[in-house]
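Construct all of the structure, not just a fragment, from the sequences and the given hints.
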Amino acid sequence: MWEIWSSSLPSLFGAMLKFTIPLSLLSFAIGLVIAVVVALIKFLPVQGNRFIKLLWQGIRLLVSFYVWAFRSTPLLVQLFIIFFGLPSIGIKLAPFTAAVIGFSLNTGAYGSETIRSALLAVNQDQWDAAYTLGFSTPQTLWRIIMPQALRIVLPPLSNEFIGLVKDTSLASTITIAEMFQVSQQIAAQNFQPLTMYIEVAFLYAILCTILSTLQHYLERRSSKFVQEVSH
391 MWEIWSSSLP
401 SLFGAMLKFT
411 IPLSLLSFAI
421 GLVIAVVVAL
431 IKFLPVQGNR
441 FIKLLWQGIR
451 LLVSFYVWAF
461 RSTPLLVQLF
471 IIFFGLPSIG
481 IKLAPFTAAV
491 IGFSLNTGAY
501 GSETIRSALL
511 AVNQDQWDAA
521 YTLGFSTPQT
531 LWRIIMPQAL
541 RIVLPPLSNE
551 FIGLVKDTSL
561 ASTITIAEMF
571 QVSQQIAAQN
581 FQPLTMYIEV
591 AFLYAILCTI
601 LSTLQHYLER
611 RSSKFVQEVS
621 H
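All residue numbers for the sequence shown refer to the numbering used here, where the first residue is 391 and numbers rise by one.
Watch out, some of these pointers could steer you wrong.
In silico BS3-like links for lysine-lysine, alpha-carbon gap of 27 Å or less [to be verified]:
#	residue 1	residue 2
1	LYS443	LYS432
2	LYS408	LYS482
3	LYS443	LYS556
4	LYS432	LYS482
These are calculated hints, taken from the structure and not from any lab test.
In structure tokens form, the structure reads like this:
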């Protein structure tokens, strides 16, 4: 077993560096931008004339449908629709591009609810106090609400990123040679599927443990920062 592991480790590690980690980071970064935009659309009050309010309500309905659709369907089905389904209407995407789109949209849907919940968790008195001091809504959101919401949202968003790293194994179904698909290819050559799948599981566990350790470090740093600011 050790010989098989040592001989296959360079290929698996290469797949991790070439596909698994870049796919995770890029998808999460794009998904986080989507999540923030969607959360703010659903969270911020509507201001303006009747037309603007109706337009904003329409946008809210669209983003709410997007969140519902991606939270209510399996990620694997979403990847298949994007990669195998869209070519039937003339939209053909490269495997990596399709994976990034699928993972980003899925992350954005889940992350938006996490961020919105964090914004709602900040006491309404913070808004009232900021308005009393003459802050505008954008100033209040950026300088008062977001820093407090960041502390609340950091743990669940970190967990979502760790989950995304594990979910990238689904990219093997759309022909991306990430770690899991490479382990399948090697298993087909050496006829040792159990050994290979245990090895790739071990690599995922190591990667996620490193990320969990980093998460706890960031949580401690954010708590320390909030305490320093409060004093």
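task = Determine which of the earlier numbered hints do not hold for this structure and return their numbers in increasing order.
result = 3 and 4
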